[in-house]
Amino acid sequence: MNPKYEKLKALLKELFQLDQPDLDFGLYRILHARSAEINQFLDHDLLPQVRQAFEEYQPADKAELEKQLREKSAQYRADGLDPDSVPGVQKLRQQLNEA
1 MNPKYEKLKA LLKELFQLDQ PDLDFGLYRI LHARSAEINQ FLDHDLLPQV RQAFEEYQPA
61 DKAELEKQLR EKSAQYRADG LDPDSVPGVQ KLRQQLNEA
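Mind the numbering: the sequence shown is residues 1 to 99 in the working numbering, read in order.
Warning: the hint list may mix true and false statements.
Just the calculated beta-carbon pair ranges, DEER-fashion [to be verified]:
(1) Q90 / A63: 17 to 27 angstroms
(2) P87 / D19: 43 to 53 angstroms
(3) P21 / P87: 51 to 61 angstroms
(4) R77 / N39: 51 to 61 angstroms
(5) Q49 / G26: 24 to 34 angstroms
(6) G88 / N39: 39 to 49 angstroms
(7) K91 / F54: 19 to 29 angstroms
(8) Q90 / L15: 34 to 44 angstroms
(9) D19 / A74: 48 to 58 angstroms
(10) A33 / P87: 53 to 63 angstroms
Because the hints were derived from the structure by calculation, they are not lab data.
Every residue, glycine too, gets a C-beta built ideally from N, C-alpha and C.
Generate coordinates for the entire structure from the input sequences, incorporating the hints supplied.
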C-alpha cells in the first residue's frame, strides 16, 4: 500500500491509543470497547473513502496542469524553442500522465 496511507493509519491508531490498555476511563473505555470496529474501519473502510474524497479534486488538478502545459508550450514556441526539449514542459507532461 501507499506509504503515506500507512502513515495516516499509524497516526490515527496512535491518536486513538488503542494499544494502551491502562487507559480504561472515559472516552478511552469507549474506544477500547469498539477497538475491533475502529481497526476494521482503519484497515478496510478508510481507504475507499479517502480515494473517493480525492477523486473530486483530481479533475480540477488535471485541468490546471493541462492549462499550464498549453501556456508553457505556446511560450516556448513563441521564443523559437522546441517545447518537447524543455525540462519544465517534460515535467508537466509527466505530472499530467500520472494524474
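Each hint tested on the structure:
1. A hinted range of 17 to 27 angstroms holds for the C-beta pair Q90 and A63, which are about 20 angstroms apart.
2. A C-beta distance of roughly 47 angstroms is found between P87 and D19, which places it inside the suggested range of 43 to 53 angstroms.
3. Between P21 and P87 the beta carbons are some 54 angstroms apart, a value that agrees with the proposed interval 51 to 61 angstroms.
4. Taken as a hint, the range 51 to 61 angstroms holds for the pair R77 and N39, whose Cβ atoms sit roughly 55 angstroms apart.
5. Between Q49 and G26 the Cβ separation comes to about 27 angstroms, which falls inside the hinted range of 24 to 34 angstroms.
6. Separation of G88 from N39 is about 45 angstroms and conforms to the stated range, judged on CB atoms against 39 to 49 angstroms.
7. K91 and F54 have their C-beta atoms about 22 angstroms apart, which keeps the hinted 19 to 29 angstroms range intact.
8. The hinted range of 34 to 44 angstroms is satisfied by Q90 and L15, whose Cβ atoms lie roughly 41 angstroms apart.
9. For the hinted restraint 48 to 58 angstroms between D19 and A74, the CB-CB distance of approximately 56 angstroms keeps it satisfied.
10. Look at A33 against P87: about 56 angstroms separates their beta carbons, and that is inside 53 to 63 angstroms.
Hint compliance for this structure: no hint is broken.
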